[in-house]
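Trainee: From first to last, the protein sequence lines stand for chains F and D.
Sequence positions in the first sequence follow my numbering and run 68 to 473.
Sequence positions in the second sequence follow my numbering and run 409 to 566.
Take these hints with a grain of salt, some might be off.
[Said to hold, decoys possible] Pairs of lysine-lysine residues, derived as BS3-like cross-links and limited to a Cα-Cα distance of at most 27 Å, are as follows:
id	chain 1	residue 1	chain 2	residue 2
1	D	Lys480	D	Lys505
2	F	Lys100	F	Lys429
3	D	Lys505	F	Lys399
4	F	Lys305	F	Lys331
5	F	Lys429	F	Lys326
6	F	Lys429	F	Lys300
7	D	Lys505	F	Lys300
8	F	Lys469	F	Lys331
9	F	Lys326	F	Lys100
10	F	Lys300	F	Lys326
11	F	Lys100	D	Lys480
12	F	Lys331	D	Lys505
13	F	Lys236	F	Lys326
14	F	Lys399	F	Lys100
15	D	Lys480	F	Lys121
16	F	Lys121	F	Lys236
17	F	Lys305	D	Lys480
18	F	Lys331	F	Lys100
19	D	Lys492	F	Lys399
20	F	Lys399	F	Lys429
21	F	Lys331	F	Lys429
22	F	Lys326	D	Lys480
Please keep in mind that the hints were generated in silico from the structure rather than gathered at the bench.
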Amino acid sequence: MRPRRPAWCSAAILVSTLALGGCGGEDFSEAEKATIASLSLASLPPLPPDPSNKYADDPAAAALGATLFFDQRLSPDGVVACGTCHLIDRQFQDDLPLGRGVGVGNRRTMPLAGVAWGPWFFWDGRRDSLWAQALTPLEDRREHAGTRAFYAHFIADNFAERYERIFGKLPDLSAVPSSAGPFGTEAEQSAWTAMPADQQDEVNRVFANLGKAIAAFERSIAPEETRFDRFAKALAAKENPEDPQGDAAFAPEEIAGLKLFIGKAACATCHTGPRLTDDSFHNTGVPPVEGLPEDLGRETAVAQVSADPFNCFGRYSDAPPESCGELRFMVKDNARMTRAFKPPSLRGAATRPPYMHSGQFKSLEEVVDHYDRAPAAPSGETELHPLSLSERERQQLIAFLKTLAE
Amino acid sequence: MIYRTVERAEEDVLRSIGLYALALVVLLGLAFGAYLLVPPVAQKPELDTSRERTTADGLYVAAIAPEAAEIKQRELQSWTITVKTAAGQPVSDATIKVDGGMPDHNHGLPTAPEVTENLGEGRYRIEGIKFSMSGWWELRFDITSPAGTDTVTFNLVL
Numbered sequence: 068m069r070p071r072r073p074a075w076c077s078a079a080i081l082v083s084t085l086a087l088g089g090c091g092g093e094d095f096s097e098a099e100k101a102t103i104a105s106l107s108l109a110s111l112p113p114l115p116p117d118p119s120n121k122y123a124d125d126p127a128a129a130a131l132g133a134t135l136f137f138d139q140r141l142s143p144d145g146v147v148a149c150g151t152c153h154l155i156d157r158q159f160q161d162d163l164p165l166g167r168g169v170g171v172g173n174r175r176t177m178p179l180a181g182v183a184w185g186p187w188f189f190w191d192g193r194r195d196s197l198w199a200q201a202l203t204p205l206e207d208r209r210e211h212a213g214t215r216a217f218y219a220h221f222i223a224d225n226f227a228e229r230y231e232r233i234f235g236k237l238p239d240l241s242a243v244p245s246s247a248g249p250f251g252t253e254a255e256q257s258a259w260t261a262m263p264a265d266q267q268d269e270v271n272r273v274f275a276n277l278g279k280a281i282a283a284f285e286r287s288i289a290p291e292e293t294r295f296d297r298f299a300k301a302l303a304a305k306e307n308p309e310d311p312q313g314d315a316a317f318a319p320e321e322i323a324g325l326k327l328f329i330g331k332a333a334c335a336t337c338h339t340g341p342r343l344t345d346d347s348f349h350n351t352g353v354p355p356v357e358g359l360p361e362d363l364g365r366e367t368a369v370a371q372v373s374a375d376p377f378n379c380f381g382r383y384s385d386a387p388p389e390s391c392g393e394l395r396f397m398v399k400d401n402a403r404m405t406r407a408f409k410p411p412s413l414r415g416a417a418t419r420p421p422y423m424h425s426g427q428f429k430s431l432e433e434v435v436d437h438y439d440r441a442p443a444a445p446s447g448e449t450e451l452h453p454l455s456l457s458e459r460e461r462q463q464l465i466a467f468l469k470t471l472a473e
Numbered sequence: 409m410i411y412r413t414v415e416r417a418e419e420d421v422l423r424s425i426g427l428y429a430l431a432l433v434v435l436l437g438l439a440f441g442a443y444l445l446v447p448p449v450a451q452k453p454e455l456d457t458s459r460e461r462t463t464a465d466g467l468y469v470a471a472i473a474p475e476a477a478e479i480k481q482r483e484l485q486s487w488t489i490t491v492k493t494a495a496g497q498p499v500s501d502a503t504i505k506v507d508g509g510m511p512d513h514n515h516g517l518p519t520a521p522e523v524t525e526n527l528g529e530g531r532y533r534i535e536g537i538k539f540s541m542s543g544w545w546e547l548r549f550d551i552t553s554p555a556g557t558d559t560v561t562f563n564l565v566l
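Pulled out of the complex, with its shape left as it was, chain F reads as follows:
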């Protein structure tokens, strides 16, 4: 009998070693580790330059932009600032399904963290620079409801000295109507059309510079480190996956959710890179909102950004045409652009319902349910496929998403 003892013992030791080694729970494959690292803040490149805005990194422009961002006088009725919908203590968004300025818009206010890293702006990318984006709500009659002539006068009346120190001499605005612009009321549009071209150009330039100052400020709004980033950092730094400590340690359901996010649920197909967006446009079959006009997303936006006088090719852009690669090589005529929208960053998403471009979903449960079912698109074709997630897997995904907001 004695000779069998060592055999049993070594078998038992071998088995327990295997059990410990193989069931650690956090054993990510090398490919998974690489994907996790690519999603973490450590992979965020330096803030890219904006060649279309030569004031983008001018501190004086950023300071003026910060003042303007929170100034309610940026609407003729004196109640709507950029910060009215982009609330500074709410991730620069408003928690509402549809933005509310002077009136109610038909899109959800987007948060601003990391906005300056992206090439396209708004849910549909209808603007190609942060400064051109900033100008658009100012003239939208449901948002600030101003006109570019109104804003030129506003700058001259209130910020002439600060403006001239950054952008040079203001034009003589004495002959410019108090309110005139191509998107205003009928009277404001007529007043705009009646202005000589050089006067329109002078007003456009002041207006563009106002956008460039606001953009210079917005470039400072960077994504913040989350629990996920601390987990990813610990995972990358150590061979032993048991190592994440404190809040960088993930609970089993968070690890399972992360594996689903980059695996079976394929969220990381579009929510990729350290900002968790691919900066591209996708139809995910999000339902329409009753009462709103049909929204074709990127399909409409392609024509809008091409026609925008403030785009990268335009005369108010500081970029040489060869620096306008995104606009130059954008996908134009393609059925895939129908009802396609930009994946928003998922950083902080768990604490800012409602979701989707018009706030269609009230909770992460509804979001995950949508991606699981993958319903047909109202128009165009959805890129989604049904996922067959179990109830447990849905909860695991949500548990992981919360780590991006803690």
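Following the hints, position chain D against chain F.
Mentor: Coordinates of chain D only, in the frame set by chain F:
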């Protein structure tokens, strides 16, 4: 006798440890079998990722190369394509269209790249290529010259 009893008891204990160990081995074996039965999502047949390929109908041999040493994701980049006849002569008067996408994810290229410069000697510069994520990408080229039109698809795994 006392010694023998102790040894017998020791043997019983060891035998039951052995049974537990055996059961654990069987369970682990079953778990491993189940693991093998469920194919990992990422497993794919080997892709031909060569950067030089003969076009579908054999008219041309095309080779592609990135201009930058590192293929960065989510950044616009330029590549060159070199086109030769099957006999190895440079094709310097080709019209080339670029397309592609990610077959696994049902989406095309995030941009619309174009040939922007004929560099001579059968070499062409393509601008506006962007890869929005890691994974399997296809780059397709429709090549037209007096010799005819032919197509070639390259696989890239990022």
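Trainee: Now tell me, hint by hint, if it's right for this structure.
Mentor: Verification of the supplied hints:
1. Lys480(D) to Lys505(D): 22 Å, holds
2. Lys100(F) to Lys429(F): 32 Å, violated
3. Lys505(D) to Lys399(F): 15 Å, holds
4. Lys305(F) to Lys331(F): Satisfied, since the Cα-Cα distance of roughly 26 Å is no more than 27 Å.
5. Lys429(F) to Lys326(F): This hinted pair holds, its Cα atoms lying about 25 Å apart.
6. Lys429(F) to Lys300(F): Violated: Lys429(F) and Lys300(F) sit about 32 Å apart, past 27 Å.
7. Lys505(D) to Lys300(F): 42 Å, violated
8. Lys469(F) to Lys331(F): Holds, because 19 Å separates the two Cα atoms, which is no more than 27 Å.
9. Lys326(F) to Lys100(F): 10 Å, holds
10. Lys300(F) to Lys326(F): 16 Å, holds
11. Lys100(F) to Lys480(D): 18 Å, holds
12. Lys331(F) to Lys505(D): Given that 27 Å is the threshold and the Cα spacing comes to 34 Å, the pair is violated.
13. Lys236(F) to Lys326(F): Violated, because 57 Å separates the two Cα atoms, which is more than 27 Å.
14. Lys399(F) to Lys100(F): 36 Å, violated
15. Lys480(D) to Lys121(F): Distance ~25 Å between Lys480(D) and Lys121(F) Cα, so the pair holds.
16. Lys121(F) to Lys236(F): 16 Å, holds
17. Lys305(F) to Lys480(D): Since the Cα atoms of Lys305(F) and Lys480(D) sit roughly 25 Å apart, the hinted pair holds (cutoff 27 Å).
18. Lys331(F) to Lys100(F): Distance ~16 Å between Lys331(F) and Lys100(F) Cα, so the pair holds.
19. Lys492(D) to Lys399(F): Violated, at about 31 Å.
20. Lys399(F) to Lys429(F): Status violated; Cα separation ~32 Å.
21. Lys331(F) to Lys429(F): With Cα atoms ~24 Å apart, Lys331(F) and Lys429(F) stay inside 27 Å; holds.
22. Lys326(F) to Lys480(D): 24 Å, holds
Hint compliance for this structure: hints 2, 6, 7, 12, 13, 14, 19, 20 are not met, and every other hint is.
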